[in-house]
Amino acid sequence: MHKLLTDQPGKKMMLLGNEAIARGAIEAGVAVATTYPGTPSSEISLNLFQMSQESDLFFEYSTNEKVSMEVAAAAANAGVRAMCMMKHVGLNVAADVLMTLAYVGVKAGMVVVTADDPFMFSSQNEQDNRFYGKLSGLPVLEPSSVDEARRMTAYAFELSEQLGEPVILRTTTRINHSSGIVELDKIMPPKTKGDFTKDPMNQVPVPAVARKLHVKLLENWHKARDIAETSDFNIIDGKGPGGIICNGVSYTYVTDAVGELDLGDRVRVLRLGLSHPMPEKMIKDFLAASDKVLIVEEGEPVMEEAVKAFAQEAGLTLPIRGKAEDLFSRLYEFNPGMVRQCVARFFDVPYTPPEVPDLSDIPPLPNRPPNLCAGCSHRATYLEIKKAVAELGLDTIYPTDIGCYTLGMLPPLSMADFLLCMGSSAGTPGGFAVATDKKVISFIGDSTFFHSGIPGLVNAVFNNHNHTLVILDNGITAMTGHQPNPGVDMSVFNLQGYGRISIEKVVEALGVQKIVKIKPFKLAKSIEAIKEALSYEGVSVIISEEPCALFAQAYKLKKKRAFYISDACKNHRDCINQLACPAFYIENERVHIDEVACVGCAVCAQICPENAIRPVKKAG
Amino acid sequence: MTDTTRLIIVAVGGQGNLLASGVLAEAALLADIPVRMSEIHGMAQRGGVVESAMVFGDAQSPIIADGEADVLVGFEPCETLRALNKCNTETVVITNLAPLPPFTVAIGQGVYPDIDQIQELIRKKTGRLIALDASALAKKSGNVRALNMVLLGALIQSGVLPLTAEQVKEAMRTRTKKAFLESNLKAFDLGFEAAAAI
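Chains as they are written, first to last, in the numbering used here: chain A, 1 to 620; chain B, 1001 to 1198.
Since the hints were derived computationally from the structure, they do not count as laboratory data.
Treat each hint with caution, since some may be false.
[Said to hold, decoys possible] Calculated lysine-lysine pairs in the PhoX-like style (CA-CA distance at most 25 Å, straight line): (1) A/Lys3 - B/Lys1186; (2) A/Lys387 - A/Lys281; (3) B/Lys1169 - A/Lys3; (4) A/Lys3 - B/Lys1177; (5) A/Lys11 - B/Lys1169; (6) B/Lys1177 - A/Lys556; (7) A/Lys12 - B/Lys1139; (8) A/Lys281 - A/Lys308; (9) B/Lys1177 - A/Lys12; (10) A/Lys618 - A/Lys556; (11) A/Lys618 - B/Lys1169; (12) A/Lys556 - B/Lys1178; (13) B/Lys1169 - A/Lys560; (14) B/Lys1139 - A/Lys11.
Here the structure is a predicted model, which means the values were calculated and not measured.
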């Protein structure tokens, strides 16, 4: 049995924040869960996916976040509890749904999980999704610890039903990817079937209906604010004239700082867990009882601006500070040390940080950037495109997309010139093709193609852009941990009852006139096919098919066959210099292959001028 | 900060850092010691650095600021050196001495520092250095992948954490695969003994 289905209330478990959120949903009897995977949210859905295979939970990996939210919204409107989860930028994709779903509302609890990523550990921006609460008018819950993430997730369903609208659970990486001790609560059996009562005058937001629904949304906003005034998730600790207002993981840093600086008798801490709508009266009372207030929030000054506005309304002139050059930055994530230092500075208490060693004499250390894996098919495709481009003498621009293949930006491959968001490799080439005379070759993965690449390709065909789209089909959503996508053969997971969509047929049906398919581990043949596609005026598509090396190993899709470098090697080092495969290493000035790492793609063997790279013969 | 012990573990993806921190967390749970842990993974399988922060005791924060680790465990010597910003002059540092040069060295984009120089720098700047060839000891245990358990043995021997060897071994019994339990326990003991001899 999946550990998160353990039905032992009171049992303590060490859980990852994302596991705790999944558990919270299970405790609340979630019946439908949908997602498009994205770090740092991915383990929530992974656990729900696993649990759906041994429980009544319906789970789906949706094509993208927008669709995922639509599926969940309809289920919640048919009276079953639903959750959809995504990374912060995923909510941009689903924002169109969210904004009007706020008007239409839900009949059963619906929770939207958005996992923000301050410091961008694995994201392209660090947008602060608390703004989506303000933008949509929906309530926002923000946990400060792993166990609270579980409790808040379960509560979010209740709150959603109380208000008849979805609730946003906003986390940050340090909640998603922290672990802590969680005390399990009882599991509510899910109600898996509801019914849909037709009510178009409330559920079809044509203008006349929408005008009425907006009134309802604002009424709900007031109700939610009243709930926030007395919510158990909005708490005040300590006593004294000083004040700190904080949220999320910052609350833990603040709590530690107040303890370590011995400020418990001088400073009160207001932690907002139900942070939107803000509890206006609670905050005004807090301000009135404080002589100065520090706002501790990662990201944008969302609370700070609101608190300052409350102070103005209440006629209070106490100092309220947060984002400032001498205090907190809008950039990156906080840590306990910097919060302690800012708290000490603001409340004017002495503080000496630990004595840190002088590191100025440490020699420059070699970097260890992430790299495409040994035997990664993307490396082979990139090499072939480079060779084809060189043979044709093309001047190129390489827009890329979101996935493992973005790592192709690193030298020696250097195959990424422009990136905006999921699917942008299909749309941006049009602009480059129109505005320059260069050959535009862009890269997209299979999952990303289904997610949001198709409309860009439709656009390219319709507007006849001169562009080659390379679809790197490795048969799985690799970057986020091998989740399925609509092109995946689900029998690999021993799962039946799924459809499967052929990328080639989709591309054909869109009217692309030049389509070539390559097997990227066949070098010479692939280069010839690529040249043909690149020489075509107009939209051409190259589909490069080869399973993700890690996935193929994990699911035993391919036999591993390591290679070695024989004595015929003359140390040209084309292999290592052109491919930069991490299976190579240098010892005694010679290139070697790590037989454990090598999966046997044999691409290096095909570029070695001496044919010195050969398969390892099995012993005996 | 007296009731709190802060541990940083740095490793290269695939070295078993997350299993090691999982075992420690389980041991803390068994010993009824509050523990919080934070990990940066995601690119771990792509050859990058994996860092775990573990906070034992009263503190609420799941991460550790620069200069505030009480103990640093490095699974790879160059990565141990790179993580010195997490240390202060009192920090106990435990490092594996077997290098795993990053790929950038192979393509001429960097120079791997001398192992003796790494040790000397760490020794000079921190409270105490416990350096051992954990990879060799792992091999001796019968499982080359058990270097994480060797380093756990050394860590527990150092006495910095509020956990006993028996508590950690108990956690290993629940957290690690049965087939590897014996070699893991042996690896733990070898690390423990090696650290005791330093």
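Let me make sure I understand: some of the numbered hints might not hold for this structure. Which ones are they, in numerical order? Result: hints 1, 2, 7, 11, 13, 14 break, sorted rising.
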